[in-house]
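Q: Sequence:
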Amino acid sequence: MNISNQSLTQVVRYNLGLHQQRKQIAVKHMASGERVNQAKEGPAAAAIANRMTARTQGLTQAMRNASDGLALAARLESSLEDINNELQHIRKSTVGALNGTLSDIDRATIGRDIQNSLDTIDRIAERTQFNGMHLLDGSRQRVSIQVGTDDGDRLYIDLERMNTQALGLAPEEHAEPVADTLEPNEPPPMSAPAFQANGRTADADAVFAFMAGGFQVYGYEAVQGADGSLYVRDEDYNYYAVYSSKVTDAGGAINGPEAPSGGDTVELGFNPWAPVAAPEGFSTTPRATTADAPSENASTNETPAAPSRLLSLEAIDHAIQQVDRFRGYLGATENRIDSALATILEQKNAVVAARSRVLDADYAHESAQLASAQLLENAGISVLAQANQARSTIVALLG
1 MNISNQSLTQ VVRYNLGLHQ QRKQIAVKHM ASGERVNQAK EGPAAAAIAN RMTARTQGLT
61 QAMRNASDGL ALAARLESSL EDINNELQHI RKSTVGALNG TLSDIDRATI GRDIQNSLDT
121 IDRIAERTQF NGMHLLDGSR QRVSIQVGTD DGDRLYIDLE RMNTQALGLA PEEHAEPVAD
181 TLEPNEPPPM SAPAFQANGR TADADAVFAF MAGGFQVYGY EAVQGADGSL YVRDEDYNYY
241 AVYSSKVTDA GGAINGPEAP SGGDTVELGF NPWAPVAAPE GFSTTPRATT ADAPSENAST
301 NETPAAPSRL LSLEAIDHAI QQVDRFRGYL GATENRIDSA LATILEQKNA VVAARSRVLD
361 ADYAHESAQL ASAQLLENAG ISVLAQANQA RSTIVALLG
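Residue numbering for the sequence shown follows our numbering, beginning at 1 and increasing consecutively.
I should point out that these hints are in silico values taken from the structure, not numbers from a laboratory. Where a beta carbon is used, it is the ideal one built from N, C-alpha and C, also for glycine. Hints are not guaranteed to be accurate.
[As the list claims (entries may be wrong)] Derived Cβ-Cβ restraints for the label pairs, each shown as a range:
| # | residue 1 | residue 2 | range |
| --- | --- | --- | --- |
| 1 | 324 | 123 | 16 to 24 Å |
| 2 | 236 | 165 | 22 to 30 Å |
| 3 | 156 | 354 | 25 to 33 Å |
| 4 | 236 | 144 | 15 to 23 Å |
| 5 | 133 | 92 | 49 to 57 Å |
| 6 | 106 | 345 | 52 to 60 Å |
| 7 | 68 | 32 | 31 to 39 Å |
[What the hints assert, rightly or not] Calculated pairs, EDC-like style, for lysine to aspartate or glutamate (alpha carbon to alpha carbon, straight line, at most 20 Å):
| # | residue 1 | residue 2 |
| --- | --- | --- |
| 8 | 348 | 150 |
| 9 | 92 | 119 |
| 10 | 28 | 377 |
The task is simple: from the sequences and hints, build the whole structure.
A: Dropping the structure here:
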């Protein structure tokens, strides 16, 4: 008798190994939830799924970027709303101050309240920040928001300066362009310093006498303190420190008795919202006649009405329009970001669905594969046992 069942055993073991391998693959797919766990299981599918994974992660980050952009715009709009509230308060106070039933003290009180609101606007513009970036002080022009996975997928939020100067509510330093500036020339020994403007020269005493010797314009009077400092006094005898003085050629518009011939216009810069203490030797109470009364020789071609120290309603309305325009722009920008955010979400859902179809395991198929592999494995084990038993029987017969 020839013993030849060794090859049968090998065939059974080979098929049993295949069934066990199928079982392991099915278990791995069901455990990971993906049908491609290694590139060898599907090279093309693995590459496609990897690209889709990168795009999905990029779109997820773009959604966060868009949300940050909306938060920045909301921060801006909140500050603009505060500025608008202050402007509305300033306008209401100004309308009330223009009423003739109020006293000068009442108007001064309203003026201080208005100045507080102006200071609040400057503070808001200076301190409005997002993640350390100043937004309303003019230090940044725009902020870019990346709302996609490509280089050109950007939206921009333009920024503006929103302090009182940008809104046209700060006092002007100079009413008109300056033709020449008062600069002291080198004085000869034992002589007073001289000032030159438009080719004309006058000593310091003459110039100061012209500016502080009683000339008035727009209801303000220039006076000189004991220490030589210049001040401006209004008709209520409130004093304001002069921080700049300029001379322009006015063609004889103003002629002081001791001023250079030809008539230069002297411009004094001061803040009408910041009164100071009266200089030494000057009173804070109006008098019938003063040593600083207007000079007979000081004249102007025109005598404009003295303007109110309050802001003009036109200037306030213009400031409100500026804020409204910027708020409208921010609202439109927020709508654009919202639209971009919705588009990003749709793109992400589409990419995630496509990746799922490429990469995710089919649990029905994998369950069937697992059951089939287990059944065939059990059958193979039984057949292998029978093959081994047949060889033992032959050996027993020979014995």
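Q: Sort out which numbered hints this structure fails and list those numbers smallest first.
A: 4, 5
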